[in-house]
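Numbered according to the working numbering, the sequence shown terminates at residue 325, and the numbering increases by one at each position without gaps.
These are computed hints drawn from the structure, not numbers from a lab.
A virtual CB, placed ideally from N, CA and C, is assigned to each residue, including glycine.
Mixed in with the good hints there might be a few duds.
[What the hints assert, rightly or not] Straight-line Cα separation of at most 25 Å, SDA-like style, residue types lysine to any residue; simulated pairs:
1) Lys277 x Ala245
2) Lys214 x Gln274
3) Lys239 x Tyr209
4) Lys214 x Val122
[Claimed, not checked] Derived CB-CB ranges, DEER-like:
5) Gly77 x Ala224: 17 to 27 Å
6) Thr40 x Pro76: 30 to 40 Å
7) Glu247 x Gly77: 41 to 51 Å
8) Ile39 x Lys101: 40 to 50 Å
9) Pro278 x Gly143: 28 to 38 Å
10) Ala276 x Ser45: 27 to 37 Å
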Amino acid sequence: MDTSKKMAAGLTGFASFLWLTVTAAVAANQRRLVFNPCITPEVESPRSTGHRTRPVVLRGKDGTRLCGWLLTPLVPGPRPAVMYFGGRSEEVSWVARDAGKLFPGMTVLAMNYRGYGQSHGVPAEIHMIEDGCTLFDWLAALGQVDASRIALVGRSLGSGVAVQVAKERPVNSVVLITPYDSILAIAKRRFRVMPIEYMLRDRFESIKYAPSLKAPTYVLRAAADDVVPHSHTDQLAGKLATLVADETVPGSDHMNIPYLEATQALIASFLTRQFAKPVGIPQLPVVEATAPETAPAQVEVGKEVGPAPVLASAPAGATMEAVAK
1 MDTSKKMAAG LTGFASFLWL TVTAAVAANQ RRLVFNPCIT PEVESPRSTG
51 HRTRPVVLRG KDGTRLCGWL LTPLVPGPRP AVMYFGGRSE EVSWVARDAG
101 KLFPGMTVLA MNYRGYGQSH GVPAEIHMIE DGCTLFDWLA ALGQVDASRI
151 ALVGRSLGSG VAVQVAKERP VNSVVLITPY DSILAIAKRR FRVMPIEYML
201 RDRFESIKYA PSLKAPTYVL RAAADDVVPH SHTDQLAGKL ATLVADETVP
251 GSDHMNIPYL EATQALIASF LTRQFAKPVG IPQLPVVEAT APETAPAQVE
301 VGKEVGPAPV LASAPAGATM EAVAK
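With the hints as constraints, model all of the structure from the sequences given.
Right, here's the structure in full:
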């Protein structure tokens, strides 16, 4: 074998070794590529204008501790409600601060994912969907919540959570902020020469579930988005059977879009209109009685930031129960 052939063979071998090394590294660290847990609170002791604010602790079926915020309107009575699902690097205490502008007159539940904020555990798609459904059931059972008017709001990574929970539960409406078709599709775009399809566990394939959504859905895009290119949002929007509107927020990017007054006004306006429409009483999923595999899930409602709220007790048989901390 002449020198040139030896050199070519050597380069090919080195390239193969390098490809295998990088592929193995990506496979071993795929969870870090999808999730970037933020532990530090974005807002210390948040308080919303127009809401009573309390920290909430959820203990899931497997005992994992999830932490977040429950905000109830100052005006009593059954109110519409919103569940918020954050982004890949997001700690959700800011929602408790801005709820007065985002969700006026609405009960709000914003929980940090497993591994985010003060929540325990490790983030994973399967847990996010399971926790989201469990939280929905608890929220719908609260006496101060109108179960026929519960909306889901998901940002970026959380848009994938919102889509899947909306498929499983009778939600009133859905707001998707900088949504994607799937994390798998975005990963394929970034790692073109790697077998991502065989490596990625947490795929968040919203495009698969979009045609099944029955709730009116509102899409908000960032004007400049280098994280979720518009082409990926286009793919999802094309599959949403109940898409009401697809708008771009002027002057926004992937990071600042939820904090802008324009964004918050658009979300508040959409939800207010949706909640004002007459709706039937949703049929909550029927849970067959089975022997419990683990201890019942609980939600602990902590000390309020502001005036003491009046919280109705969860009815017997609810998936979780509200208890004083």
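**Report entry** Structure versus earlier hints, numbers of those that do not hold, lowest first
**Finding:** 4, 5, 7, 8 and 9
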